[in-house]
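*Asks:* Please put together the full structure from these sequences, using the hints given.
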Amino acid sequence: MAEANPDFTVGNCAETETIQGSRGGNFTENGKGNIHIHSVRMPGFVASQEVVFGAMGQTLTIRHDTINRECFMSGVELAIKHVYNNNEFIYGLENIL
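Residue numbering for the sequence shown follows this note's numbering, beginning at 644 and increasing consecutively.
If you're looking for bench data, these hints aren't it; they were derived computationally from the structure.
All of these numbers come straight from a predicted model, not from anything done at the bench.
A hint or two may mislead.
Computed spacing ranges between beta-carbons, pair by pair [said to hold, decoys possible]: (1) 649 - 693: 16 to 26 Å; (2) 733 - 649: 29 to 39 Å; (3) 735 - 689: 33 to 43 Å; (4) 713 - 652: 37 to 47 Å; (5) 688 - 722: 36 to 46 Å; (6) 647 - 685: 13 to 23 Å; (7) 730 - 699: 47 to 57 Å; (8) 725 - 691: 26 to 36 Å; (9) 724 - 649: 34 to 44 Å; (10) 724 - 701: 40 to 50 Å; (11) 717 - 652: 33 to 43 Å; (12) 705 - 730: 33 to 43 Å.
Every residue, glycine too, gets a C-beta built ideally from N, C-alpha and C.
*Replies:* In structure tokens, the structure reads:
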């Protein structure tokens, strides 16, 4: 995304942050881009990821919700088997898939 558009603030409304850090982080990769990332934390909320792309008069939303933690178990099982069979440090599940 940062390669396609190095400045995600062009055309945005001015932001007001009344509590420090409450508007979300500013994701920058290799000094490129300024993609704002927002986070919600509350009891009973397992996980929901949403990416919203927008242009004049339109939006495209991609969303993933989890209802319980059982959906993560196949990944946990895969990671445990990998650790059992390999004596190496791996960071990130995507590196053993």
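*Asks:* Run every hint past the structure and note whether it holds.
*Replies:* Hints, one by one, checked against the model:
1. 649 - 693: 16 to 26 Å: holds (23 Å)
2. 733 - 649: 29 to 39 Å: 32 Å Cβ-Cβ, so the 29 to 39 Å window holds.
3. 735 - 689: 33 to 43 Å: violated (20 Å)
4. 713 - 652: 37 to 47 Å: holds (40 Å)
5. 688 - 722: 36 to 46 Å: Taking Cβ atoms as reference, residue 688 and residue 722 lie about 24 Å apart, which means the hint is violated.
6. 647 - 685: 13 to 23 Å: Violated, since residue 647 and residue 685 (Cβ atoms, about 33 Å apart) do not stay within the stated range.
7. 730 - 699: 47 to 57 Å: Given a distance of about 54 Å, which is inside 47 to 57 Å, the answer is holds.
8. 725 - 691: 26 to 36 Å: Roughly 27 Å apart at Cβ, these two residues keep to the hinted range, so it holds.
9. 724 - 649: 34 to 44 Å: holds (41 Å)
10. 724 - 701: 40 to 50 Å: Holds, at about 44 Å.
11. 717 - 652: 33 to 43 Å: holds (39 Å)
12. 705 - 730: 33 to 43 Å: holds (38 Å)
The structure fails hints 3, 5 and 6 (numbered hints given earlier, in ascending order).
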